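Chains A and B, in that order, give the protein sequences.
The opening residue of the first sequence carries number 1 in UniProt numbering; numbering runs sequentially from there.
The opening residue of the second sequence carries number 1 in UniProt numbering; numbering runs sequentially from there.
Errors might be hidden in some of the hints.
Identical copies look the same in the list; a pair holds intra-copy or inter-copy alike.
[What the hints assert, rightly or not] Derived SDA-like pairs (lysine to any residue); straight-line CA-CA distance at most 20 Å:
id, residue 1, residue 2
1, 62, 51
2, 62, 34
3, 62, 44
4, 97, 85
5, 62, 143
6, 25, 74
7, 143, 75
The hints are simulated quantities; they were obtained by calculation from the structure and are not laboratory data.
Here the structure is a predicted model, which is why all the values come from computation and not from measurement.
The residues making up each chain are set out below.
Protein chains: 2
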Amino acid sequence: MSTNLSRSDAIYASLRRAILEQALKPGTKLPEDSIGDTFSVSRTSARNALLRLASDGLVEIKPNRGAAVAMPTLEEAEEVFALRRCLEREVIERLCKRMPRDGIDALISHVREEERALQASSPRSIRLAGEFHILLAELTGSKLLIDFISQIVSRSSLILARFGRPHSAECGIDEHVQLIEALKEQDPETASRIMDHHLHAVEDRAKTDDKDDGPDITEILNRYMSASE
Amino acid sequence: MSTNLSRSDAIYASLRRAILEQALKPGTKLPEDSIGDTFSVSRTSARNALLRLASDGLVEIKPNRGAAVAMPTLEEAEEVFALRRCLEREVIERLCKRMPRDGIDALISHVREEERALQASSPRSIRLAGEFHILLAELTGSKLLIDFISQIVSRSSLILARFGRPHSAECGIDEHVQLIEALKEQDPETASRIMDHHLHAVEDRAKTDDKDDGPDITEILNRYMSASE
DNA sequence: CAATACAAAATTGCATGCAATTTATTAGTC
DNA sequence: GACTAATAAATTGCATGCAATTTTGTATTG
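Starting from the given sequences, assemble the full structure and let the hints guide the process.
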């Protein structure tokens, strides 16, 4: 029952983590062979994982030319953040109307973990910052909303990896705390205002600089072979 | 340049159309072998197409148990329409602010096609009704929004296939026309009101008749247990 | 006759091999 | 020496084969 991790699932999860933690930077080529070799599976499994990542918008696959970590443009970045504001507002409105029993506790506990990771300068902090927003979506109980928010948060992470400062704390943890307060008070106006400000801050950070990419993917992947957390 | 139709792309497109036009009904099993044979390709290509359909939410794949046309529940249906209202409002707001030059013409032309298909009782009318909303999203110019709306419209179609009346005109074409009028006048309040009404109508239609309760054959069997015939 | 255990068929998960396309390298011409 | 043509290398697209899992059918037992 618990061994639901097919091989392509494992590869998908590992690659996803590696991308979201910015170990694999935008533009990095992801040849099926290399991935298969690194994970000791065939190209078939690697390929399936890449297909799923492509439908998440995390990698781009060009016919007969292979896959690479997606390189969002500034235009796409604007689209992402515009739609993200729309969806996150929806999340907040719903949560102000109805917050699950242990919701606030879960949020506080998550922020604590964010702080720990940040102090330890762990690459996990980058991913955890995004997962705070996914946790918010989960508290609404809508699977579809969770799906969409996950997708858009992933893309945001990619945008920050492409344009943002290296290893910046992507989300101000303070703002997460303020947001939790507003949600506790069921104050949608304040909460929305904080969220907007928060997202604008993230977006602005994205527009500061631009950098470029490095190859050597096999070495990076070895760190992400073993599963979760 | 134009031969970008790989085999799995072709299968994906065909299956998608078949599902959206309700030729393949929710719950229908989709074995890789059958699909491969039907399209004269190998299971590999069929499998890839199924994977993509799964990420669209149009088919469900259970490990080692194969793929089938997805069977959304009433709960999921509510989630879909709730989020759909949110996203379509966003579309309308944007279009009232900025409508492309030939946007109105394109919309009118699309509605004309809808009418033709409806009068011809073509199964295309079902798909065209959904594609009206996708066209609206396209006029915003945001690829991501187009993506999300496409996904959610597809799921809506599936819901209507599962719960709606067979072959009902899914979308009132009148309402499409009214919506175009409001957009032309750049009147977001009226447009939103029409859209809300429109989507509620669709949603209600979904909740009126419940056809066969599909894959849980237990329920079907219950109906046949006592009736000896 | 119902229930369980076992065996056979069907179906998916994965690996490998070959053909096709793309990219890199080399040879030839001006 | 720079530019184009041809060839070689690398990489993907697809088909097929085998092992693993699930499902169906059959026989045995109480």
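Broken hints, by number: none
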